[in-house]
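Enquirer: Chains Y and B, in that order, are what the protein sequence lines are.
Start counting the first sequence at 1; every next residue gets the next number (full-length UniProt numbering).
Start counting the second sequence at 1; every next residue gets the next number (full-length UniProt numbering).
Source of the hints: derived by calculation from the structure; they are not laboratory data.
The C-beta atom is built at its ideal place from N, Cα and C for all residues, glycine as well.
One should not assume that every hint holds.
Which bits of chain B does chain Y cover? Going by a derived footprint, with three or more residues having C-beta under 8 Å, they are [claimed, not checked]:
no., segment
1, 23-29
2, 101-114
3, 152-166
Chain residues, written in single-letter form:
2 protein chains.
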Amino acid sequence: MPPPNDLRRAQLTDAAIALLAEAGVHGVTHRAVERRADLPAGTASNYFRSREALLVATAERVIALHHADMSRAGVSGAGATAVDLIADSLFTAATTYRARYLAIFELRLESLRRPALAATLLALSDATVAFTRQHHADLDLAIPPEAVATMVALYGGALFSLVSAQPGEVDAVAVRGLAEAIVRSAVPGLT
Amino acid sequence: MPPPNDLRRAQLTDAAIALLAEAGVHGVTHRAVERRADLPAGTASNYFRSREALLVATAERVIALHHADMSRAGVSGAGATAVDLIADSLFTAATTYRARYLAIFELRLESLRRPALAATLLALSDATVAFTRQHHADLDLAIPPEAVATMVALYGGALFSLVSAQPGEVDAVAVRGLAEAIVRSAVPGLT
Chain Y
1 MPPPNDLRRA QLTDAAIALL AEAGVHGVTH RAVERRADLP AGTASNYFRS
51 REALLVATAE RVIALHHADM SRAGVSGAGA TAVDLIADSL FTAATTYRAR
101 YLAIFELRLE SLRRPALAAT LLALSDATVA FTRQHHADLD LAIPPEAVAT
151 MVALYGGALF SLVSAQPGEV DAVAVRGLAE AIVRSAVPGL T
Chain B
1 MPPPNDLRRA QLTDAAIALL AEAGVHGVTH RAVERRADLP AGTASNYFRS
51 REALLVATAE RVIALHHADM SRAGVSGAGA TAVDLIADSL FTAATTYRAR
101 YLAIFELRLE SLRRPALAAT LLALSDATVA FTRQHHADLD LAIPPEAVAT
151 MVALYGGALF SLVSAQPGEV DAVAVRGLAE AIVRSAVPGL T
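With the hints as extra help, turn the sequences into a complete structure.
Expert: This is the structure:
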């Protein structure tokens, strides 16, 4: 079990994710986050000195959840093709975890006005490229490491289109087409 | 020369584009747009009854400008490959016209909370796919029409990564790599 402090931080940042998805970055304040997490006034300020610190922690939370999902897909996905894994990841991200990715895109645009958030997102993006390379190696996928940065950019872009469409418009066949395109872009012969 | 009313609408929506890029969607109000365009108080309300009408007109303005650029690229780009055209378009969009595309991404996220804006963006997205198919045909590019919707999604996604990075981080070699990946995703043998 995580220590109580970690649990509380997760509750607060999860509330921030929900608010970012529902109301945009303007909807995230210490007070709104406490209310949404059903915690007493003042809790958020105890954990996050500033609004920017809260936004930074929320970005870190999204990426930690994303990497945890990728790792689980590695365990259950042995034998799956790169297209299977990416299609499944995109579809789940655009439906079950839609709020989480809407939140990270809101934060990405907001980072242009907040240097500390920009620095965090840049570090997280580098970490995601490294994580994805290792993930491909662990799964014996025939994807050249030098193609991964481009694939991550295209995956992120495809996900932006999917989560910023109206909910319910995400179509499994279209998602599979995007996954095939992403894999083909990296490895011409693989699909 | 366009009629004075069209000119005034363009001034107001161009001011809205600049504000969206600088301050996010929350920075766009009738008053802020008039100030930014150096026009008298009340002008914006004369043209746009509501804040949503102003945002809708701004989305239409971005797409009209985008299509005009694509048409110009068609005139000057005879003989260019699909990769040349897409790399050039992405680079210019991410540098010279960065504000315009930051604006459309801000509007895309905001559209999840505004049905009229969502309907406009959906219609504009369909129009862009149709426009791009015709553009490819005019230029004799060997891109299958059925691949265009996926290419437009990947182009939009790549552009999101580029314009939401810090200004000055846009690298011509990386942009060319993205353009090659997008074309390869649509037409495996073309690059």
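Enquirer: Hints broken by the structure, by number, lowest first?
Expert: No hint contradicted; all consistent.
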